[in-house]
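Sequence order for the protein chains is A and B. Going by the numbering used here, the letters in the first sequence line up with residues 1 to 418, in that order. Going by the numbering used here, the letters in the second sequence line up with residues 1 to 312, in that order.
Please keep in mind that the hints were generated in silico from the structure rather than gathered at the bench. Check the hints yourself; a few may be wrong.
[As the list claims (entries may be wrong)] Computed cross-link-like contacts, PhoX-like style, restricted to lysine-lysine with a CA-CA straight-line distance of at most 20 Å:
#1 49/A with 66/A
#2 209/A with 200/B
#3 5/B with 200/B
#4 209/A with 251/A
#5 201/B with 101/B
#6 209/A with 201/B
[As the list claims (entries may be wrong)] Which chain B residues stay away from chain A? Per the calculated CB distances, all over 10 Å, these:
#7 2
#8 81
#9 89
#10 97
#11 129
#12 280
Where a beta carbon is used, it is the ideal one built from N, C-alpha and C, also for glycine.
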Amino acid sequence: MIDSQDDFIQERETKIIKGNEAAAYAAKSARVQVISAYPITPQTTVVEKLSEFVDNGEMPGTEYIKVESEHSVMASIVGASTAGTRTFTATSGQGLFYMYEMVHWAAGARLPIVTTIASRGPAPPWNIWADFTDIISCRDTGWMISFAANHQEIYDDILMSYKICEDYDILLPKFVAYGGFTLSHTSKPVTIEDQEVVDNFLPPLPDEKGWPHIFLDPERPMMHGNLIMPSGFYNEFRLKIHHTMLMAKDKIKKVTKEFESTFGRHYGNGLIQEYRINDADVAIINYGELAMQMEQAVDDLREEGYKVGSVKLRYLRPFPVEDIINVARKVKILGVADRATAFGSPTGGPVSSEVKTALYNSSVSTQVLPIIMGLGGREVSLEQQKNQLKALIKLKETGELPRDMIDGTFWDGLLEVE
Amino acid sequence: MVSIKEALKDYQEEFFLAGNSTCAGCGLEIALRWAMKALGPNTSLVTPASCLNVVVGLWPKTASNFPFMNMAFAAGAAAATGVSAAFKAKAYRFPGKVWEKMTTLVFAGDGGTTDIGIQGLSGAAERNSNIIYCCYDNEAYMNTGIQRSSSTPHGAITTTTTLGKEQYKKNLPQIMAAHEIPYVATCSVSEPLDIFEKFKKAKSIEGCKYIHILASCPPGWGIASEDAVEIPRLAVKTGSWILYEIENGVITLSKKSKLLLDPSKRVPLIEYLSRQKRFSKISEKALIELQEQLDLQWIKIANEIKCQENLA
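One chain only, chain A, in its complex shape (with noise of 0.2 Å):
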């Protein structure tokens, strides 16, 4: 280790660099305390690239903790959130399964901590390229799910992830996902702001006391999670996590916005981007690395005099539900692109079971159109979302559905099988 630095030190510049780098830029702008980490592919350059600040003295004070699994990565971050630290750790696949209890466990104790998933298909047979069914499967811990579409937006939103998380207001842990691969391996200029506006974007961290609700301090010592018997408040602090993440819907707007104001960035209204929506017959929601895609797929198609359309969705929790009734409302048909599964469900894929839930009790009866596809990381051509969109509008004109549709999914990309 050479010499510290006294402080942090980042001046605004642009570099080109992996989305897995731009992830640990992003810790090291916000100052993070206790890093825990153990490597899986694809998340492991963010832990490399953490090692190299914290070795070459570019974090003063962060304590870097190499773990050896990741179940005690998510316990040491337990630990050292609840000693009153601003916590950071990235996993993958595999490693957030392996993570699970704690993950329930960093909720449950309302731990503002902050987590990026390179996002990869579970195993067996192994995978380890983009499929957001790792991430997803987090869907009722109690942590907010977010996804970033591209590299600049995975430094932004752990930026505004803090800002989120560590409201009083709201206090809980948040996951930020991108696709494995696809974002963490491939490089894109991402501008990396300022350290001065970044300190005053973001709450200043933590004081001595820690969090107002947990810490551990001899002056004021006190038990954290012991049991609790049934006709305890156990129902109730279950509700308020419920409600809290209801209420975050209004801070994560107001905090993409406060973003935009200060960095010029925008992410719609921060639970949703739409992209050309407003007069289009159909639009298809896309989450992840594929949402920025789709947009160029919708120009492609507008050129040809198609009136389509795309959204991004930035949250899978909390669900944007008035958000996506408003969305369903401007189209004729709704197609909803999961690159993830849900077997069993009533689409097959987590996401367009979302969106059917959330307009089920609305006043709208847009036909939405669930699709799976590029799971384990399989390409999915600016072409086929083109082709996509072009079935949508068949399905509006003709009412023909698409080939490859199973139980009402259209699976698309599928090889032939005999």
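Position chain B against the provided structure of chain A, taking the given hints into account.
Chain B in isolation, oriented as in the chain A frame:
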């Protein structure tokens, strides 16, 4: 060593308070009470799933007069590593305050240590995390109803070894010593001052410290509550439970065990076993096997001490 009178006079403050819901004669209570007397108020405890989660009090009550964090079963050592790292990070931001003086303690049962928690513990030991990890070993999963653990001794009846356990007790202190951490010690709840001294010493050492305490469990062992101190004392006297310290790789037998290097000073093992219902089905064969294992352990320790003396 201080006398018990002196210790009680100088260390009157109690941290694990009366009114907790341990069974009468619980060894855990003795262990934690004396450990905390030695460590004092600037201590933060992590306790993974075990009796301690329950007996410390149902929410919102607690018998701990110090910061206490319940933890998932496998996660004691890792969570404590995180707490310890956070104290270090806080000491950096707020120098000269209590944070640099904090001790992070884990109190875990034998299941949470020798079985489900061993990976995290091994990780913490290899990293030399600045924690004291204490295993209070009552030799089975007592909290869930007396199921066998890898720390249950050969021949003991549990609800999952109804004929007596076939396998032998895992020797965790030696496994921890093999990690070459700065401090490993064994204790018995029959020797509270020994617990006191060893925790005092552990507190003064930087890095990963491991203390393994034999802790009686009247319902689990099938003993009377009033015998909860006498029985573990017999474990020491028979040489079945050996009290020692390993500091930077050098083993030292503690007072009560030192004289047992001479085999003739050891009380016959049967006197320890016959007082406990859990050994009621023990066969002649198992008894011989246990005695042989005990003798072998002593030979190993005697050899190690001889080696050390030769090197010195």
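Taking the hints in turn, this is what the structure says about them:
1. For the proposed pair residue 49/A and residue 66/A, the alpha carbon gap of about 13 Å is at most 20 Å, so the pair holds.
2. For the hint linking residue 209/A to residue 200/B, the alpha-carbon distance of about 28 Å lies beyond 20 Å, and the restraint is violated.
3. With a C-alpha separation of about 17 Å, the suggested pairing of residue 5/B with residue 200/B holds against the 20 Å cut-off.
4. For the suggested pair residue 209/A and residue 251/A, the alpha carbons sit about 24 Å apart, so the restraint of at most 20 Å is broken.
5. The straight-line distance between the Cα atoms of residue 201/B and residue 101/B is roughly 15 Å, inside the 20 Å bound, and the hint therefore holds.
6. Between residue 209/A and residue 201/B the CA atoms are separated by roughly 29 Å; this puts the pair beyond 20 Å, and the hint is violated.
7. The Cβ of residue 2/B lies farther than 10 Å from every Cβ of chain A, with a closest approach of about 24 Å, so its non-interface assignment holds.
8. A Cβ of chain A approaches the Cβ of residue 81/B within 10 Å, the least distance being about 5 Å, so the stated non-interface status is violated.
9. Its closest Cβ contact with chain A, about 4 Å, brings residue 89/B to no more than 10 Å, contrary to its assignment away from the interface.
10. Once the 10 Å rule is applied to beta carbons, residue 97/B is inconsistent with being away from chain A; the minimum gap is 7 Å.
11. Its closest Cβ contact with chain A, about 8 Å, brings residue 129/B to no more than 10 Å, contrary to its assignment away from the interface.
12. No beta-carbon of chain A comes within 10 Å of the beta-carbon of residue 280/B; the shortest separation is about 32 Å.
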